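Mind assembling these two chains? They're in different frames, but the hints should get you there.
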Amino acid sequence: MNQDSQQLISLDPDLIRGLGKFFLILVFTYIGIKAFPYLSNALVLLLVSVLLSSILGPFVDILERRQIPRVIGALIVLLVFLFLIVLAFRFLIPAVREQAIAVNELIQSQRPAELLHTFQQWISEKLPAAAAGEIENIDFSGKINAFFSDFLSGSVSLLFNIAGMISSLFIVIVITYLMMKDSRKITKSIISLIPNKYFEPGLNLADKIQTQLSNYIRGQFTDALVVGMLSVIGLWILDIKYFVFIGLIAGLANLIPYIGPVAGAIPAMAISIINNPGEPIMLVYIAIMFAIVQMIDNSIVSPAVMSKSVNMHPISVIIIIIIGGNLMGAFGMLIAVPAAGILKVTFEQIVWTVKHYQSA
Amino acid sequence: MKYPLWENIFKRRTEESETVLALKGVPIFQELVKNELKEIEKLVHQRTYTKGEQIFSQEQPGLGMYIVLSGKVNIVRHDEEGNKLILASLSQGSFFGDMSLLDEAPRSATAEAAELSQIIAFFRPDLFDLLNRQPKTGIKIITGVANIIATRLRAQNQLSQELQEQVESLTQEIEQLKDQTADSSP
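Protein sequence lines, in the order shown, are assigned to chains A and B. In our numbering, each residue's number is its place in the first sequence (first place is 1) plus 1072. In our numbering, each residue's number is its place in the second sequence (first place is 1) plus 250.
Honestly, the hints are just simulated from the structure, not real lab data. In this text the structure is predicted, and so the values were computed from the model without any measurement. The beta carbon of each residue, even a glycine, is placed where N, CA and C say it ideally should be. Worth double-checking, as some hints may not be accurate.
What the hints assert, rightly or not - Examples of chain A residues lying across from chain B (beta carbon under 8 Å, computed): (1) Asp-1133; (2) Glu-1136; (3) Arg-1137; (4) Arg-1256; (5) Phe-1271; (6) Glu-1272; (7) Leu-1275; (8) Asp-1279; (9) Tyr-1429.
Same shape as in the complex, but just chain B (with noise of 0.2 Å):
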């Protein structure tokens, strides 16, 4: 025989929201417990943007990042001449502008929505509050975006130095062109 007042007061309370679903899937929030998502959860902002609308535009103030929950977001950058070009596609799951978390620097490019799609937005005045009241949390989102530049950072660092050598042996190769060429002259 069941009894559904017992069972709706020791049901286990295991159903999680799409927000911290999507919340735990981005490594900032990697480190937050299931509380720490949730308090996460009521600061967030949950819009819908339809196809061709911005999110942000390039040359912005930043101001926080955003998790697309469903359909696809570009990051488009404008040349001087008015030339769009599509630098990602993000589709569910992806985060951009993460690094507005921490100050208030321009926006690189611009962020558009692609289809119709469900975004979720985190900013920074909410991240700072949160940091004022519990700092736990807040020090462990930092944590992830410190994280974050960091991986991208030493990427960065990888990319750079491969260029570096790359440049060196190209210059080593029109050296000894060059010498190729000075010895074959008459």
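One chain only, chain A, in its complex shape (with noise of 0.2 Å):
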């Protein structure tokens, strides 16, 4: 009895140890389950703020080289950035409002639905498999209306749950002018909570995803705005209604690789053919300078300002809009490959770190 007792007391410290941990999961686990309905919101905010303080902390960068402290370096690239926000909401916000607003009322109007109707009889016509399939009784009008819908509340409702209200973008600003100022003093006294043992593992990971996830983020904010523009532009003189509206789509969309570019073209080609029933000619007149501004985006700008290390398989895009798709609707699919390429940097520097730093 007492050497089995001997044996049960010397495996006991593993066994507590083993045992600590995972009750300690479990209760970390259901405490975030529980707090997350009330910290969510924070959260959200706090994201916020690090994507804008990633997004302007060169530009403080920039202003500290020309010998202004930080301290008024900060408040004057946030003052410019809310100037230009509001000169956004003045002038660039109603338009594309009320573009928008127009676009959804051609989308509700019976042309598209016409449209689609003999889209679906010519399918009939020409490939009757197709059309034993019941092709006919599927309401595409209704799946795209349902698109959109699902897409613009998606995107309105998450813009004015975050920014819309006064306080929550004063918290916002708060936040990012903290987080621009003082990015160092925070960064060291999170790192002064890393025990000894993990000090230059926990830092050179820290260094490696702030860096990898700072370029990431300015990279797709910068492609997104020249892409966009230059869509604007491009439509702008080809005469296509709702430019503005479009010209956006076509920069968000970019946020998608491979998929975003021709999803992006879509639209503009759509609003041709409802509009201008007559002349198939734009249609091509719009893939052409859709592809001129994929040309100048995958020659010049991508080039210049995306990280490497952020490449995807194309089946790795897909899956991951699917997924994206799955769990917030068509404004998931949107945000699902920039979110998947920030946890695929965090993860490759996690693997990078372990790899160096256990081999040693």
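Dropping the structure here:
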């Protein structure tokens, strides 16, 4: 009896440690799940502030290089940013809103439904096999309407839940300012919590993740902005209606590799068909215009701003978009690839650190 | 009569923190002025290591340099058989790991606290960030590192030259001994 009990006692410390860890994980998971509804708003505000500070941070660095202290530099950058936001609200947002409403009305009108009906009939005639699959019964128009309203309501509700409220905006501005001003102090105080054993690996990991993520976020933002602006200009030259709204969609769609550039051209083509059904040549012009925008993006913009480490295989992109769509609808499809990019960068850096510090 | 308010306003702020004083003593930071040293003070990390605790390990990717604020640090190397060889014992004011300010090459030795020690750590990402934000200060530090490396390289060259000369004279002596042996043999 004694030998057995001694063996059990000798196993105890490991067993207790293991059980302790398991219990702690359970407790923290439970607390996390329970606290999430209360913390989610704060987390979203924090996330928006992190994104903003990583986009605006380099401008504060530039001012600091010109001998302007960070306290003032961060304030100047934030004020300029707010001024641009006010300008956007004054001039750009009403135009986009008007065009978005007009596009929505156009989608709700009978014309697309008529066009789709003609398209369905054409398929039934040309492809009787497909028609046997009851293609005529598929409610294309309803599906497109649902997609657009889902996308618009998803993005609009998110925008208005986060930044629409003045209090949230104020909090975001304050956090962003403090992050830009005291980013090093904040990082330092977080790093001071790392135990000595993991000090260098932890710091190395934190630095690599921070650098890669900042580059990725900044790259995506710049790329989407440039593609959006080029598309707006191109569509304006081609005299396509609602060019601002469609151009912005093209810019946002560009966040999705491989599929985005094509998806960005579709709304422009659809609106062109609806408005000018007798001018199919316009579709060719639109396609050429988007091809030129993509050429400029791929040869000039992307190589300058995008991080190479976030390259994804087309299959991965498709799977990620499907998952994003299942989780958050059309809006989820849009943000799935950037979110996966952030996770990929973080995971790669963790693997690098574990590999290099464990082998030593 | 004393006026504490005016005395406080016009008092010269000459006291320097322990960290700034330690930084001043390191050749890498010798060219920096007071404000620049205070900027570096914001970037460095101060940590306490107990006896036997490792600061970094041999073969780990290098991340930056350390300055001994108090206590004692041993630089040790482990050979293939696992034997431990103490290369140096560093006390207050000494610095180590400075090559890692330039690249991520693996550490050539392990650093461990020989007693309770306070250490200041200055890392490459912070140096690169400083180079981006305050290039003048950053260049002064890089020049400091380059000077140290140049001094070490010169010393290595001198040593290598001396060793070469010793080898040559020993070879000559051997040759002479060989000749003498050949002459003396019947």
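Problem - Hints not upheld, ascending by number - result: Every hint satisfied by this model.
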